[in-house]
Amino acid sequence: MPSERSGPYICGIDAALDVVSGKWKGLILWELDTHGTRRFAELRRGLPGVSEKMLTQHLRQMEEDGLVHRKVYAEVPPRVEYSLTEVGTSLNTALGPLGDWGQERLRRDGCGVVEVPAEPAVTERL
Numbered sequence: 001m002p003s004e005r006s007g008p009y010i011c012g013i014d015a016a017l018d019v020v021s022g023k024w025k026g027l028i029l030w031e032l033d034t035h036g037t038r039r040f041a042e043l044r045r046g047l048p049g050v051s052e053k054m055l056t057q058h059l060r061q062m063e064e065d066g067l068v069h070r071k072v073y074a075e076v077p078p079r080v081e082y083s084l085t086e087v088g089t090s091l092n093t094a095l096g097p098l099g100d101w102g103q104e105r106l107r108r109d110g111c112g113v114v115e116v117p118a119e120p121a122v123t124e125r126l
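Just so we're aligned, residue 1 is where the sequence shown starts under the UniProt record's numbering, counting upward by one.
Be a bit skeptical, because a hint or two may be false.
Claimed, not checked - In silico SDA-like cross-links for lysine to any residue, where the CA-CA straight-line distance does not exceed 25 Å:
1) K25 - R105
2) K23 - E63
3) K23 - F40
4) K23 - T37
5) K71 - Q103
6) K53 - D100
7) K23 - C11
8) K25 - R79
9) K25 - V87
10) K23 - L95
11) K23 - K53
12) K25 - V80
13) K23 - Y73
14) K71 - F40
15) K53 - V72
16) K25 - E75
17) K23 - H35
18) K71 - C111
19) K71 - E86
20) K23 - T85
21) K71 - T37
22) K23 - E104
23) K71 - E81
24) K25 - T85
25) K25 - G36
26) K25 - V76
27) K25 - G99
28) K23 - V76
29) K71 - C11
30) K25 - Q61
31) K53 - E104
32) K25 - Q103
33) K71 - T56
Think of the hints as simulated: they come from the structure by calculation, not from any bench.
With the hints as constraints, model all of the structure from the sequences given.
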């Protein structure tokens, strides 16, 4: 489904930044790339400080932009999972050098890093 975003843009960087603008979108891409398919609560735990409202808003925009796939299971209670699409994976790959630059900045400038809590043990439902 084509995105509602349609420019006009000055250049490719302008178009790319339009899609990843927002504090949490790059981190959502990273979380889904690093951990694979995630449920909403798992994403929220992996992104300390994000509100439920903001995560919902960003996930909807990213789905509209073709970056994230949202799969709803017909179960009770309802289950929804999020994963990267091919487009989302390619964008995450393109952002890799930017992440490398950021890691170098962290090292050089001694910037603080947020500690993400460890994943709780997963128990299977029978």
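Quick rundown of the hints versus the structure:
1. K25 - R105: Cα-Cα ~20 Å, so holds.
2. K23 - E63: holds (17 Å)
3. K23 - F40: holds (17 Å)
4. K23 - T37: With a Cα-Cα distance of about 21 Å, the restraint between K23 and T37 holds, given a limit of 25 Å.
5. K71 - Q103: violated (33 Å)
6. K53 - D100: Between K53 and D100 the Cα gap is close to 30 Å, so the pair fails against 25 Å, i.e. violated.
7. K23 - C11: Given pair K23, C11 holds - Cα atoms ~22 Å apart, limit 25 Å.
8. K25 - R79: holds (22 Å)
9. K25 - V87: Holds, at roughly 14 Å.
10. K23 - L95: holds (14 Å)
11. K23 - K53: Status holds; Cα separation ~13 Å.
12. K25 - V80: holds (19 Å)
13. K23 - Y73: violated (29 Å)
14. K71 - F40: holds (11 Å)
15. K53 - V72: holds (19 Å)
16. K25 - E75: Violated: K25 and E75 sit about 28 Å apart, past 25 Å.
17. K23 - H35: Holds, at about 19 Å.
18. K71 - C111: This hinted pair is violated, its Cα atoms lying about 37 Å apart.
19. K71 - E86: Holds, at about 15 Å.
20. K23 - T85: Satisfied, since the Cα-Cα distance of roughly 20 Å is no more than 25 Å.
21. K71 - T37: Judged against 25 Å, a Cα distance of about 10 Å means the pair holds.
22. K23 - E104: Roughly 20 Å separates the two Cα atoms, so the pair holds.
23. K71 - E81: Holds, at about 5 Å.
24. K25 - T85: With a Cα-Cα distance of about 14 Å, the restraint between K25 and T85 holds, given a limit of 25 Å.
25. K25 - G36: Since the Cα atoms of K25 and G36 sit roughly 15 Å apart, the hinted pair holds (cutoff 25 Å).
26. K25 - V76: At roughly 29 Å apart (the allowed maximum being 25 Å), V76 and K25 break the hint.
27. K25 - G99: holds (13 Å)
28. K23 - V76: Violated - the C-alpha atoms of V76 and K23 are around 33 Å apart, more than 25 Å.
29. K71 - C11: Violated - the C-alpha atoms of C11 and K71 are around 33 Å apart, more than 25 Å.
30. K25 - Q61: holds (9 Å)
31. K53 - E104: violated (32 Å)
32. K25 - Q103: Judged against 25 Å, a Cα distance of about 18 Å means the pair holds.
33. K71 - T56: holds (14 Å)
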